[in-house]
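Number of protein chains: 2
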Amino acid sequence: MINIAIDAMGGDFGEKPIIEGVIKALNVKPFNAILVGKSEVLKPLIPKNLEHLVQYEEAREVFSMEENATDALKRKDTSIYKAVELVKNGKVQAVVSAGHSGASMSLATLRLGRLQNVLRPAIATLMPNIAGTTLLLDVGANTDCKSENLFQFAVMGEVYAKEIMQIAKPRIALLSNGEEECKGNELTKETHQLMKKLPNFIGNAEGRDIFNANVDVLVCDGFSGNVILKSCEGVAGAIFKILKADIKTNLISKFGAILMKPSFMRLKKKIDWQEYGGAPLLGVKGCVIISHGKSDARAIQNAIFQALHFSEANINKAIENELSKF
Amino acid sequence: MINIAIDAMGGDFGEKPIIEGVIKALNVKPFNAILVGKSEVLKPLIPKNLEHLVQYEEAREVFSMEENATDALKRKDTSIYKAVELVKNGKVQAVVSAGHSGASMSLATLRLGRLQNVLRPAIATLMPNIAGTTLLLDVGANTDCKSENLFQFAVMGEVYAKEIMQIAKPRIALLSNGEEECKGNELTKETHQLMKKLPNFIGNAEGRDIFNANVDVLVCDGFSGNVILKSCEGVAGAIFKILKADIKTNLISKFGAILMKPSFMRLKKKIDWQEYGGAPLLGVKGCVIISHGKSDARAIQNAIFQALHFSEANINKAIENELSKF
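Protein chains in written order, with the UniProt record's numbering: chain A, 1 to 326; chain B, 1 to 326.
The reader is advised that the hints may include incorrect statements.
Sample of chain B residues facing chain A (criterion: CB under 8 Å; computed from the structure) [claimed, not checked]:
| no. | residue |
| --- | --- |
| 1 | Gly132 |
| 2 | Thr133 |
| 3 | Lys146 |
| 4 | Glu179 |
| 5 | Ile210 |
| 6 | Asn212 |
| 7 | Val227 |
| 8 | Ile239 |
| 9 | Ile242 |
| 10 | Asp246 |
| 11 | Ile252 |
Worth flagging that the hints you see were computed from the coordinates, not collected in a lab.
If you're wondering where the values come from, they're calculated on a predicted model, not measured in any experiment.
For glycine and all other residues, C-beta sits at the position ideal for the given N, C-alpha and C.
Modelling step: build the complete structure from the supplied sequences, incorporating the hints.
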């Protein structure tokens with residue numbers, strides 16, 4: 001059975017939703033959960049029938065969201081530090097954390113190390129589109145990139161798409177400000193030439209292609225990826241806010257909205273990041289799933305499933321193999 | 001009265017919506033419209049009662065969307081070339097074009113020239129937010145920027161916000177991947193320090209801040225701006241597509257949607273770029289409003305109003321004055 005360490009204390013809402021998520025996941029698919037945090041707080045939350053699948057790793061501190069990621073290495077008694085150490089020591093195959101994402105990333109990179117031939121790890125995230133999902137990477141690990149970095153993100157994204165998204169021939173594209181090869185900034189123009197080496201590279205894609213299901217893997221630098229992620233969250237939020245405010249002013253609309261509620265709920269589920277669990281950090285030795293700080297139990301459950309799939313698929317071996325070809 | 005040249009042939013849908021937009025605008029606010037294109041095609045479209053406000057400038061060719069912007073300078077008989085020449089020769093104060101935006105931009109920059117002290121012109125666009133609009137610039141004129149460019153975009157955006165958006169103390173922010181000063185890529189970190197010279201600079205902002213009405217002017221490089229613009233269009237489109245498809249499968253939802261139609265229409269109007277006309281090119285001698293290729297009559301009307309306000313406000317003088325202070 002796969003062992004997964006869960007940073008039980010790092011999320012914005014404390015241990016409750018994290019442990020609920022672990023319980024949900026354990027009820028669907030058995031694995032060994034190693035909960036990292038204060039065992040006296042965590043133990044009472046685990047039901048009797050699941051006790052045999054749960055172990056505890058003591059950590060007395062939490063790395064708070066306000067702290068600077070660079071300090072994570074020094075804070076050796078935090079739940080995220082101890083969780084990453086369990087991967088390093090081979091006691092678990094994967095770690096799931098809804099804590100400080102910068103801390104998770106630097107601990108993973110510095111304590112676990114990079115896979116062979118990987119220059120920079122990348123955070124990948126699944127974005128909902130009209131037909132399924134698009135994998136976008138990097139979304140924040142690297143704000144300044146070279147073309148070699150983006151090329152490697154493409155290779156890592158392709159492996160993930162094949163193994164986890166189960167797409168035999170994933171369409172890989174490079175984010176740019178126009179589809180034509182001549183469009184882009186200096187970085188993307190250089191990267192475009194490198195990416196031609198990949199048989200599944202379909203060329204440049206624009207922001208809108210994330211959502212119209214034309215692309216399976218979209219590659220960009222971490223600055224652009226982060227900007228996209230947050231802008232899109234912002235648009236979706238604003239649309240519903242404007243609509244909600246309008247409905248309040250009109251009784252007929254209000255009644256219409258009540259009738260439409262199931263449709264809205266299904267839409268919400270479809271575009272909700274919590275459905276997709278967390279964001280895997282690709283390129284480090286081990287499996288690190290970075291979850292949103294505001295994750296609810298469902299998001300944690302899905303992040304755990306991601307960690308299970310990731311570990312079962314042996315993605316890291318596949319990434320090293322692919323990169324060795326270039 | 002202000003003279004405005006309208007590239008009557010450049011849009012995706014030909015002259016019809018452009019001329020309809022001109023007529024709409026003329027009926028609301030008089031100005032001298034100089035229609036640039038084939039006069040024998042355009043003349044029959046103008047109603048008798050408006051004939052005294054309309055003149056024609058002959059242009060036999062259209063610069064097509066497939067052409068390379070760099071060829072625009074050589075294509076001297078295109079409607080966009082001739083329209084820009086009218087500004088250059090002082091025959092009109094402004095030009096509105098829904099044609100090839102790259103061509104408009106290079107013609108404006110090379111034929112009209114830059115304002116004093118302006119290193120690079122920028123395309124600014126109004127993005128709808130939950131309370132009004134946010135000015136985002138640059139959205140495509142400059143894919144690779146230096147910090148001095150972004151600083152100047154901030155100054156130009158501030159002038160536009162004061163004069164056209166009528167905001168006495170516009171909140172100016174720099175797009176980054178986090179609000180903290182330490183967040184960003186090398187370009188934004190350097191720019192952040194320069195922007196501290198501006199009293200209305202409120203710091204870094206994230207993609208979501210465009211929509212939550214926390215920022216009046218958001219500054220970014222043209223690559224990021226373009227990516228944001230297209231991603232946000234993509235999200236909004238996907239949300240409505242998913243919702244529409246879902247409604248079709250459920251009779252009660254369908255009925256609810258009919259009742260909610262007025263709310264949806266008001267939302268659509270609020271988030272529709274056509275409401276905001278076109279994107280002004282800031283930093284060139286003269287006024288150039290770049291409209292979407294798919295502009296309908298309403299979008300053209302609004303772009304003309306923008307051109308009128310721009311010309312009346314004497315923004316270019318204000319930009320030169322502000323920039324001379326640094």
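For each hint, the structure was consulted:
no. : hint   : verdict
1   : Gly132 : violated (11 Å)
2   : Thr133 : violated (12 Å)
3   : Lys146 : violated (12 Å)
4   : Glu179 : violated (11 Å)
5   : Ile210 : holds (6 Å)
6   : Asn212 : holds (7 Å)
7   : Val227 : holds (5 Å)
8   : Ile239 : holds (6 Å)
9   : Ile242 : holds (5 Å)
10  : Asp246 : holds (5 Å)
11  : Ile252 : holds (5 Å)
In summary, the structure is inconsistent with hints 1, 2, 3 and 4 from the numbered list given earlier, while agreeing with the others.
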